[in-house]
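**Student:** Each chain, written out:
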Amino acid sequence: MRDKNFLFWVILATFFLVLLNLPPTVSSSLREFFRESMATYQGGVTRLMSGVQKTSSAVGNITEVIQERDRLDREAMGLRTRLRNLEPLARENQELRAQLDYQRRVSLKTVACEVIARDDGYGWWQTLRLDKGRKHGLAANMPVITPDGVVGRTTEVSDQTCDVLLISDRSFKVSVRFDQEGSFGILHGGGVSLRGVHSTGVLCVPGPFRVDYLRKDLAIQAGERVMTSGLGGIFPPGLAVGRVVRVTLDETGLYQHGDVEPVADLGRLRSVLVVTGKQGENQ
Amino acid sequence: MTAAIMIFLLLVGALIQGLIPAAAWLGLSKPPILQAVALYYALIYPRGMAVTAAILAGVIQDTMSLFPVGTSSLCLVVFALFVVQTRETMFRDSFLTVAVLGASMAAFTTFGLYGMLSLNSLAADMPLWWVALKAGGNALLGLMVAPLVWWMADTLERHVGLTRAEER
Numbered sequence: 389m390r391d392k393n394f395l396f397w398v399i400l401a402t403f404f405l406v407l408l409n410l411p412p413t414v415s416s417s418l419r420e421f422f423r424e425s426m427a428t429y430q431g432g433v434t435r436l437m438s439g440v441q442k443t444s445s446a447v448g449n450i451t452e453v454i455q456e457r458d459r460l461d462r463e464a465m466g467l468r469t470r471l472r473n474l475e476p477l478a479r480e481n482q483e484l485r486a487q488l489d490y491q492r493r494v495s496l497k498t499v500a501c502e503v504i505a506r507d508d509g510y511g512w513w514q515t516l517r518l519d520k521g522r523k524h525g526l527a528a529n530m531p532v533i534t535p536d537g538v539v540g541r542t543t544e545v546s547d548q549t550c551d552v553l554l555i556s557d558r559s560f561k562v563s564v565r566f567d568q569e570g571s572f573g574i575l576h577g578g579g580v581s582l583r584g585v586h587s588t589g590v591l592c593v594p595g596p597f598r599v600d601y602l603r604k605d606l607a608i609q610a611g612e613r614v615m616t617s618g619l620g621g622i623f624p625p626g627l628a629v630g631r632v633v634r635v636t637l638d639e640t641g642l643y644q645h646g647d648v649e650p651v652a653d654l655g656r657l658r659s660v661l662v663v664t665g666k667q668g669e670n671q
Numbered sequence: 006m007t008a009a010i011m012i013f014l015l016l017v018g019a020l021i022q023g024l025i026p027a028a029a030w031l032g033l034s035k036p037p038i039l040q041a042v043a044l045y046y047a048l049i050y051p052r053g054m055a056v057t058a059a060i061l062a063g064v065i066q067d068t069m070s071l072f073p074v075g076t077s078s079l080c081l082v083v084f085a086l087f088v089v090q091t092r093e094t095m096f097r098d099s100f101l102t103v104a105v106l107g108a109s110m111a112a113f114t115t116f117g118l119y120g121m122l123s124l125n126s127l128a129a130d131m132p133l134w135w136v137a138l139k140a141g142g143n144a145l146l147g148l149m150v151a152p153l154v155w156w157m158a159d160t161l162e163r164h165v166g167l168t169r170a171e172e173r
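If you read the sequences in order, they're chains S and F.
Residues in the first sequence are numbered from 389 upward in steps of one, following the numbering used here.
Residues in the second sequence are numbered from 6 upward in steps of one, following the numbering used here.
Hints were generated in silico from the structure; no laboratory data involved.
Be aware that a few hints might be false.
[Unchecked claim] Computed list of lysine to aspartate or glutamate pairs in DMTMM-like fashion (alpha-carbon distance at most 25 angstroms, straight line):
(1) S/Lys561 / S/Glu475
(2) S/Lys604 / S/Glu544
(3) S/Lys392 / F/Glu93
(4) S/Lys442 / S/Glu420
(5) S/Lys561 / F/Asp130
(6) S/Lys520 / S/Glu424
[Unchecked claim] A short, non-exhaustive set of chain F residues, derived as facing chain S with CB atoms under 10 angstroms:
(7) Leu24
(8) Leu33
(9) Lys35
(10) Tyr50
(11) Met54
(12) Thr76
(13) Leu86
(14) Gly120
(15) Ser123
(16) Leu127
(17) Leu145
(18) His164
(19) Val165
(20) Gly166
(21) Leu167
These numbers were taken from a predicted model, which means no experiment stands behind them.
Even glycine gets a Cβ: it sits at the ideal position worked out from N, Cα and C.
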């Protein structure tokens, strides 16, 4: 009996030694296997819930829906007019850029993805799971954006799914540039805020991002736009990240740090764009 | 049949755990359904089965998150073995016992995982107050979820004709 007991502990200890030191290829294959197995069901349930939510909301607010449609019609008409007025300006802008020999703004090659799950399965990191993966040209460390701005970067990718670390996660870091001031800094996520308006739709309001170690003589104003700097190799320059909420001196009085609010609505993401490269660039 | 039921419970548990959104005021905790399944097996089944359930629950949990594979398994196995050693001294069929153990397991696992992350230098961005809030949130959810999972697993096993050793 005692021998059997001893054998049990030896086997268990050996098993954990092996499990905790699995080679990266084996552990990533294991992760891929489970993610792929779960993705179909996760996607199905997410779509079902979304459908139910949309239907119940449409039935409940039919008058509001009609009013919203009319308002959107009017807004679209206004935007079409504005667009027509902007066309000559865009042409003029292009000509000036060409004259000044500016490098043309490079448009990004993106893959549209649907969000099939939020948070990692245990809630330690702020992540998303997308319905596209390696087969659609995605790889790890690709920027993830919405038309509003940066959302995060891809982490683990399998054939049909992809995980995204959100910009609001505390472990997320990105090099940024202040639009007017032109100075650079490293921005990191602020986790989730315990204050703010939480609802059943948005249970987690992201806390403000932080940019630390800014020189104290920089005159950064509240409201200033914060963009990606292009340094660091993952994010192309010029993607909107957020707006400065406040700038304060740190405890030592040697540096400033800035609080930045996100421009992308991270609490309600349904679909995102993964930047796979630049137009005209070979994969 | 017992193994099939265990795998079914773990996979359904993982799916539900992944889908339920996390709330900020609970430290982004998710209902610890996988842990509750591991607890069920630790309270009822022999040591080998309890350890297998804890390892599988941990591996599934780790593959769903960014934890190194095996981290959760180690925490769950330690707690499962503690339960196996002490279960004869408990009223293990009482919902209260299951609820208290569910809460304890969730809090223990949270601190255990934080410790493991710290050892791997992966917890530098996580403030202690946040981990404490998370442990509290997990414990609260464990308190509610463990008896529910217990009841569902027990009902399922009885429906498919599995009986416990003490009832044979």
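**Student:** With reference to the structure, classify each hint as holding or not holding.
**Tutor:** Against the structure, the hints come out as follows:
{"no.": "1", "hint": "S/Lys561 / S/Glu475", "verdict": "38 angstroms, violated"}
{"no.": "2", "hint": "S/Lys604 / S/Glu544", "verdict": "38 angstroms, violated"}
{"no.": "3", "hint": "S/Lys392 / F/Glu93", "verdict": "21 angstroms, holds"}
{"no.": "4", "hint": "S/Lys442 / S/Glu420", "verdict": "31 angstroms, violated"}
{"no.": "5", "hint": "S/Lys561 / F/Asp130", "verdict": "11 angstroms, holds"}
{"no.": "6", "hint": "S/Lys520 / S/Glu424", "verdict": "11 angstroms, holds"}
{"no.": "7", "hint": "Leu24", "verdict": "6 angstroms, holds"}
{"no.": "8", "hint": "Leu33", "verdict": "4 angstroms, holds"}
{"no.": "9", "hint": "Lys35", "verdict": "4 angstroms, holds"}
{"no.": "10", "hint": "Tyr50", "verdict": "15 angstroms, violated"}
{"no.": "11", "hint": "Met54", "verdict": "13 angstroms, violated"}
{"no.": "12", "hint": "Thr76", "verdict": "7 angstroms, holds"}
{"no.": "13", "hint": "Leu86", "verdict": "9 angstroms, holds"}
{"no.": "14", "hint": "Gly120", "verdict": "13 angstroms, violated"}
{"no.": "15", "hint": "Ser123", "verdict": "13 angstroms, violated"}
{"no.": "16", "hint": "Leu127", "verdict": "8 angstroms, holds"}
{"no.": "17", "hint": "Leu145", "verdict": "13 angstroms, violated"}
{"no.": "18", "hint": "His164", "verdict": "22 angstroms, violated"}
{"no.": "19", "hint": "Val165", "verdict": "22 angstroms, violated"}
{"no.": "20", "hint": "Gly166", "verdict": "27 angstroms, violated"}
{"no.": "21", "hint": "Leu167", "verdict": "24 angstroms, violated"}
Comparing the model with each earlier hint shows violations of hints 1, 2, 4, 10, 11, 14, 15, 17, 18, 19, 20 and 21; every other hint is respected.
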